[in-house]
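**Q** Given only the sequences and the hints, what does the whole structure look like? Please build it.
One line per chain: the protein sequences are A and B, in this order.
Quick note on the numbering used here: the first sequence kicks off at 33 and runs consecutively.
Quick note on the numbering used here: the second sequence kicks off at 33 and runs consecutively.
It is worth saying that the hints were derived from the structure and are not from the lab.
These numbers come from a predicted model, not from an experiment.
Just to be clear, a hint being listed does not mean it is correct.
[Unchecked claim] Cross-link-like lysine-lysine pairs, in silico, DSBU-like; alpha carbons within 35 Å at most:
#, chain 1, residue 1, chain 2, residue 2
1, A, K134, B, K141
2, A, K192, B, K77
3, B, K77, A, K141
4, A, K77, B, K192
5, A, K161, B, K53
6, B, K136, A, K192
Protein chains: 2
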Amino acid sequence: MENLVHEIIVTSYIRNLKAMKTILAKAKAHADTNKFEVNRFMDMKLAPDMFNFTKQIQIATDNAKGAVARLAAVEAPVFADTESTWEEITSRLDQTIAFISKFKAEDFKNWSEQKITFPWYPGKAINGKDYLTGFAIPNFYFHLTTAYDLLRQNGVQIGKQDFLGEINWINA
Amino acid sequence: MENLVHEIIVTSYIRNLKAMKTILAKAKAHADTNKFEVNRFMDMKLAPDMFNFTKQIQIATDNAKGAVARLAAVEAPVFADTESTWEEITSRLDQTIAFISKFKAEDFKNWSEQKITFPWYPGKAINGKDYLTGFAIPNFYFHLTTAYDLLRQNGVQIGKQDFLGEINWINA
Numbered sequence: 033m034e035n036l037v038h039e040i041i042v043t044s045y046i047r048n049l050k051a052m053k054t055i056l057a058k059a060k061a062h063a064d065t066n067k068f069e070v071n072r073f074m075d076m077k078l079a080p081d082m083f084n085f086t087k088q089i090q091i092a093t094d095n096a097k098g099a100v101a102r103l104a105a106v107e108a109p110v111f112a113d114t115e116s117t118w119e120e121i122t123s124r125l126d127q128t129i130a131f132i133s134k135f136k137a138e139d140f141k142n143w144s145e146q147k148i149t150f151p152w153y154p155g156k157a158i159n160g161k162d163y164l165t166g167f168a169i170p171n172f173y174f175h176l177t178t179a180y181d182l183l184r185q186n187g188v189q190i191g192k193q194d195f196l197g198e199i200n201w202i203n204a
Numbered sequence: 033m034e035n036l037v038h039e040i041i042v043t044s045y046i047r048n049l050k051a052m053k054t055i056l057a058k059a060k061a062h063a064d065t066n067k068f069e070v071n072r073f074m075d076m077k078l079a080p081d082m083f084n085f086t087k088q089i090q091i092a093t094d095n096a097k098g099a100v101a102r103l104a105a106v107e108a109p110v111f112a113d114t115e116s117t118w119e120e121i122t123s124r125l126d127q128t129i130a131f132i133s134k135f136k137a138e139d140f141k142n143w144s145e146q147k148i149t150f151p152w153y154p155g156k157a158i159n160g161k162d163y164l165t166g167f168a169i170p171n172f173y174f175h176l177t178t179a180y181d182l183l184r185q186n187g188v189q190i191g192k193q194d195f196l197g198e199i200n201w202i203n204a
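**A** This is the structure:
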């Protein structure tokens with residue numbers, strides 16, 4: 033089963049994080065064409081009491097490195113959450129990809145028995161299986177999608193293919 | 033491995049579809065409190081050239097029943113895509129839950145070898161593994177999140193817990 037865990041939280045996450053890098057590049061090109069600073073997107077929100085664009089990327093990447101680290105029972109690198117430029121959030125995606133790329137299927141051998149805890153939920157835990165399926169996966173895609181939706185709403189020319197990234201087509 | 037496939041596309045999808053029903057109920061309560069027709073949400077879009085709210089729910093549910101049917105190599109029920117009331121889109125969530133609830137882990141025994149085709153991609157196919165991880169999962173959560181974001185941006189009082197649904201906490 034660890035092969036499928038690896039396929040999801042390493043292979044697919046890398047594909048979707050790379051897809052988000054392409055989306056960031058398209059947002060930059062859009063800003064250049066329309067003669068505004070691309071960094072203007074960083075503090076935008078879909079609603080006044082939602083997280084801004086930068087935070088959506090921070091949480092998506094925290095989810096990716098956190099899921100991989102927790103299910104392999106290792107420590108995740110800590111990122112400072114101080115990104116203030118488009119280059120810095122692009123680089124955060126790169127650092128996340130670099131960290132999770134190192135993991136192989138066998139690193140997740142005991143994934144389903146891990147007892148996952150969070151500092152902000154004292155006294156509570158989730159087992160590895162429920163963490164992966166009920167928390168990690170929906171949460172990762174939630175924040176990537178919200179980042180996408182925010183740029184899409186603000187005129188960046190992106191579509192579903194940009195979100196999904198490369199699809200491994202074969203002949204029918 | 034079919035246990036994990038079942039856990040994701042049956043157990044988790046049901047949890048997230050039920051969570052979306054709760055979100056629809058909160059949107060209805062919000063509309064009632066603010067004295068407008070909840071159906072007003074149905075044609076709203078995040079951008080003029082994006083799909084409207086109803087279509088986001090239609091695609092999310094198509095993804096759910098489609099993924100389960102394709103990976104179990106059975107036919108999915110066809111829904112007419114004619115929902116015009118809040119009750120009808122709520123009922124579409126119910127019908128999707130009813131269909132996917134019938135599947136057990138052993139129904140997905142040959143999931144990774146399925147050759148998945150789509151009428152709109154003639155001559156092309158994806159194997160079951162790449163379909164699940166690179167298409168079905170990201171796409172399902174993309175449309176659910178976009179539906180959530182749309183209501184959230186328009187004043188419905190919902191948060192991440194509403195999106196995730198019930199978490200199976202254990203003692204730390």
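**Q** So, for every hint listed, does it hold in this structure?
**A** Here is how each hint holds up against the structure:
1. A:K134 with B:K141: Within the cut-off at roughly 30 Å; holds.
2. A:K192 with B:K77: holds (15 Å)
3. B:K77 with A:K141: violated (43 Å)
4. A:K77 with B:K192: holds (15 Å)
5. A:K161 with B:K53: holds (24 Å)
6. B:K136 with A:K192: Given pair K136 of chain B, K192 of chain A holds - Cα atoms ~31 Å apart, limit 35 Å.
Of the hints listed earlier, the one the structure fails to meet is number 3.
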